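Chemist: Quick mapping for you: the protein sequence lines, in order, are chains A and B.
Okay, so the first sequence: first residue is 1 according to my numbering, each after it adds one.
Okay, so the second sequence: first residue is 709 according to my numbering, each after it adds one.
Simulated from the structure, these hints should not be mistaken for laboratory data.
Small disclaimer: the values here were computed from a predicted structure and weren't measured.
All C-beta atoms in this analysis are idealised placements derived from N, C-alpha and C, irrespective of residue type, glycine included.
Which stretches of chain B does chain A cover? Using the computed rule of at least three CB atoms under 8 Å from a CB of chain A, they are:
#1 757-766
#2 779-786
#3 819-830
With the Cβ distance kept under 8 Å, some of the chain A side facing chain B (calculated, not the full set):
#4 562
#5 608
#6 609
#7 650
#8 653
#9 654
#10 659
#11 660
#12 663
#13 665
#14 669
#15 670
#16 671
#17 672
#18 673
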Amino acid sequence: MSVDLSQFIPSFLEESFEGLELMESGLLNLKPGDNETIHSIFRAAHSIKGGAGTFGFDSVTEFTHLVETLLDEMRDGRREVSSADTEILLESVDCMRLLIEAARDEQDYDHDKVSTTSARLSETLGGQQSTDSDSENESNVNKNDGCGYNIKFIPEHSLAKTGNDPIFLFSALAELGELTISANTEELPALMDIDAQELYFSWELTLITTAEEAEVIEIFEWVEDECLLELEPIVNKANEEPTNNISDVADGVINELSVESSLGEIENQEVLASTKVDNEPETATGEKSKTSKTKAKADLGSIRVGVDKVDSLINLMGELVITQSMLSELGNDFDMSKVERLTSGLEQLLQNTKEMQESVMRIRMLPISFAFNRFPRLVHDLAIKTGKTMELVISGEQTELDKTVMEQIGDPLVHLVRNAADHGIESKDVRLANGKPEKGTISLDAYHQGGNIVIEIKDDGAGINRQTVLDKAIDKGLIDANAILTDSQVYDLLFEPGFSTAAEVTDISGRGVGMDVVKRNIQALGGRIQVESVLGKGSTFKVNLPLTLAILDGQLVKVGTETYIIPLISIVESLQIDNQLINRVSGDMVLYRLRDDNVPVLPIYQMFNLETECTEIDKALLVVVEGDGQKVGLMVDDLLAQQQVVIKSLNDNYQQVSGISGATILGDGSVAMILDIPGIINMALEQAQKIQRVRTDGNSNVAAEVCL
Amino acid sequence: MNIQAMAQDVPVEGEHTVEGIDFITSGDQYLTFLLAQEQYAVDILCVEEIRSWEQPTKIPNAPSYIKGVINMRGIIVPIVDLRLKFNIGKANYLETTVVIVLTYQSEEKSRTIGFVVDAVSDVLNVESVDIKPAPAFGGCVGQQYIDGLINSENKVVTVLNVAHLQQVEKHRLQG
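One chain only, chain B, in its complex shape (with noise of 0.2 Å):
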């Protein structure tokens, strides 16, 4: 499934919407997932695509939340483990478990990583006004990766920085 070409591929007034989706839109839409029982959110044009999980090649010595890399259409792409990396919920392998593929276009060059999470759940239209910055209270999740909170509901859904989630993991593994 292409979220990002869904996205991009909204109808126009007058055509008709794909039901439960609401493509007329205003702001910035965020793809919601689950790990544990939170609700987290990513910018959805970094999605490149949501896959099953399957076993990774495992990359010798590395963390562990580095569970592998996959090949995704002849392109390597390595496999986080967000529940394991963050430290939420347990590491469990079901049905529902998926792996978000993310890209993010930084200056020098795009990188394709895959999240491995619970599940995801929705796309979010959010005016960036409503994202609200995060106390910092501690919690598993570094404030590093926190762009800040969104009120979905009764729910509190976190919105995660892509660009940290990829070049974070960089300086990790290396120190």
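Just chain A, same shape as in the assembly (with noise of 0.2 Å):
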């Protein structure tokens, strides 16, 4: 009986990848004596070996033993823990992902890199060499020369009990190549004694194949602890004379696959004990197996989640469903007098599926810790390049946050944390020149905010000189050489492609190429950016994210016969407009004296074309909403209700709305837009500046043609 072992290879891969992570920041965490820390970066390294061995992904098998031997001499205290060996550690986690992500893909790898550290590692072992080359013969012993194999199989009686049956093994070996079985029924006994459920036979079988041994030896995987197994590869002649010394080994070393299970000999569980620590170098150097049948997608896209969110879950669908049952069984004979209970009945689902609602939507959160995790090695290999010393300071990592949020902010905040380690830290001595410590700090904090989540990327490096950046600008034409710019919009500049104000540009950053996709790609998450700076002092990089894409709080407004809904969120207050606090200035601007602000008054029907009653400013209502740090007040017909809405793209049939970030379902199935609001204020100051470009050429219709 085989089972198809190519379903576990995704967890494998999983597990592995999780592993790679979990030695990574235990080796940058490695201090000498750390013996905990050893143990567990070694544990992830066996696990990894051992699951690899499973699956036949023999590179990664071969390469993390190399580097099981060093953490194991680490941990036996047969060495000192040095940052030459933790550095080589490193580069060998890289290789391992590099060996893993090549067996999932099943795609060459950089055999280079690979063979490099190996030889690097096998330096480092030093007089573990002797080892290796072992390790290397037995490697081509196990390659098989395309012979085959003999094959003893002796089961034990009781085999065919636990529903193994050796006609599935042979059609199973019969696939590898040409088998020839005979049978050996020495042991039958006598008619009257035979036990139908007793397996008497056994049997030797040749099989003339270019499997590996592996192959061969996985197809009894199942039956290995109930029978006798030996399995010799049938030497050609003709290839003998250069295997000579090989062939040696070969009878010694391998194919003693003997296991017994019967569990009252002590030698015999011996036996087990050493071929089972025997099989694992014999599996791991085996050749890298070229029909190793993975078929692992890329993405898996697979989440895990904590059995708490699943057991929530579980408990609100039970209420659902009790409610459900209740409301059902007072549909069944309904009078007016059960309205009060059908009320209340309504009210309860409306808890159920909110709650619910909610229940669903963690388990799509995740800590932001599995964005944050790359970040210590990533600043630890810049310091080595950059020569500067820093730490990296990570707070706030069990913040949730939603998958595909997360997905798509790992880029982005690897641009901005090289970018606070390269242009911001300054080097040791500018800092020591400054009175600032000699070691630099970047600190990546995340916290919630509202229904948002903001990450902060600080540094306590140079600061942003305001100066150089306008210089910049106006050398490259972004802005007018006598434009006065507040410093956030001084900042902004970054922000626009193909600037970087880096004195020189290094291979970690400065090409100016990034920031502007940083920010578009927090954009298109429909978050933004913000930038803080004292020069001398450091500089704060704020993404402002909102937590899910999925769903929103929404206020519904009346525009005409439309019906919009504002995010919850951007909206800082409602009201009725006073005549008195509306002026209007320098040439037909309305603005709104709201407090002691002025708030420039956008009407939604003119910009969004639509035919209205409510045209006078006085008989609307004003939603004040806030983005991009700019106040307006949107008119609009009434306001309706206050509710969540579940946000559907428009671009999957149509395309990006300028002034809408999308629709969604209302109750009554008809279709209602979101409003963008900082979509709608560059709306609204483009029309503007079309309209003062053409007020000053003098053309009015054309004026009046944009203004409609």
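Two chains, each in its own frame: build the complex with the hints.
Modeler: Written as structure tokens, this is what we have:
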């Protein structure tokens, strides 16, 4: 009975990558004498090796074996933990990742890198060299020279009782090559004594195949505890000449897969234990299996969910079912006397669905540590590359974020951290000269703020030099030489394409490619980025992201016949317009005095080209919203309900519409558009600029057209 | 009415056929519809469903022929009035006015768009050799939208290219 192991490969890969992460973070925190950490790194490496062996990812096993040997020496105290060793181990982790990825995608990997690293590993291992050459020999042996195997298969009598059928084994073997079977019936007792459920035969098989030993053994994997199995390669006489000594080794070392499971005999248990141990290096050193049947996709698209989350979901499900049955009971013979119970039932239903929805959304939420985990390594590498000393302080890593947002925020964050390390933190000498501690600090923080999550990337470096940015912008023609800009406007220039203030281009950053991409990516997620900086003290990049992309709290408003949704998060307040507070200034710009602020009024009907009776500003309602740090008042006909809406993309079947971030389906089945507040503000600015330009041209016709 | 399901549900020989429609066919099937008095056709396998006209939700600042979007079982589907787009006939919304929802699977993604037409009329079975190229003598409908012409009895049916109907939409709007 052979089991398709490939179905377990995805979980192996997942676990391996987790193990690699564990190794990496362990190595970064590794201090001499810290045995606990070494142990955990060793365990991670060991389980990767074991798993890789099972699935036939031999290149991984082989390489990990070296890593494990080195770790083992550290663990036993035979070797001091030195930073040089840590570096090599970190590199090895990279190689292992490379190898596992290559195995996953069934693609070739960077042989140079792996062989260099493994050479360095062996060099470091030094004394252990001999074992390595042994294993190389073994791998030569294991490489089948194309002839086949003589297999002796002596099952225990009880084999058939455990559901195993030798015929399945043989037919699986026959798939590998040409199979000759001869059965040994010596043990067959007299007919009277035969127990129909016992198996009395043993077999000798000759398999002519090009398959590798591991593959043959794999077939017997499920019965190996219940049989005596001997596997002997048939050595091709023609090939014997160069493999003389190797076949000696072959006789001695391998093919002793004799396993007995009669538990009473201690001796046999020892055999079992030793074969298990022998077994590992054997499969480990086998050549890279070309027939590995992995078909794992690059992105598995699975998430791990805590049991508590699932449990709470199941509880809620139970409540929902109870409510449902209560309601249907009520509906059986309904009369007006039961109205009260109906309303309370419906209320309960509302509560249940709401909780259920929250619970389901929580499943998609992952702690942001998933995105933060890679940064200690990144900063470590950057410190070495730039020759600066710096440390990374991470806080708030338990803050939860939607999985989709998480996946897409990784790269922009890497970019920001790199920038902080490369441009932000100054070199040691400069820092000391400026009276700062020698070691620079980059801190990553995540926290909730309203319905948003804020990620802060902060460095205590040089800060952004306002003048340099301005000069550069003027130089590049992005702004006028005599333009007056606020600090935040100046910092926004950093996100213009092709903008870099780094004095020289390094391979880390400075090409000016990227910051614009960072901003675009963040905006695509419905987020925004803000920069604060004090020259000489450091800078802070604040990334504001929505918690989830799927659901939004919205205020429904009416304009003409249409219903629009304003995200609740961007609403500052809604008010009835007081005529006295309306001011028309600088040529028909309508401002509304909101306490000390003057808020520009944007009539939605005009911007969206709608017909409405409510064109007079004093009859309408004003919803004051804030986007991109700018407050505006949206003129609407009426305020309707507040409700949660599920965001649907217009992009799927249509395209992006300016001023609209998406659509949703209301309770009555109709579609309503969700307003994109920053988009609307931009739209209004553009329209205003167009009108201004046209007016200065003295062409009022066109102006009217744009207006409408 | 889900035409696609009907079209795939071709009875085998010996089973009864739905009255009026010959299901045992060879060649491709086309759904024909009316715009003004002219007959047009689209590949029936692209037809998702045929809906009666309902007022869609407007899209701000969209061209006049984009009537808006509707909710089709949770999917937001934009509605294009073909009469306005091709400038044929009057855009009256009557009892018979229907929306043909077409899904076209291109390499990257599938798009679903509804098209307003005056009425649906028939299903045609046509061998691909019977689709003749259309002469390029003007007309309101751009050449890129036309796959060819079919002679059906004494009428001529214009076969529309669904891929272009949907793709060009985008360019137009962005430009």
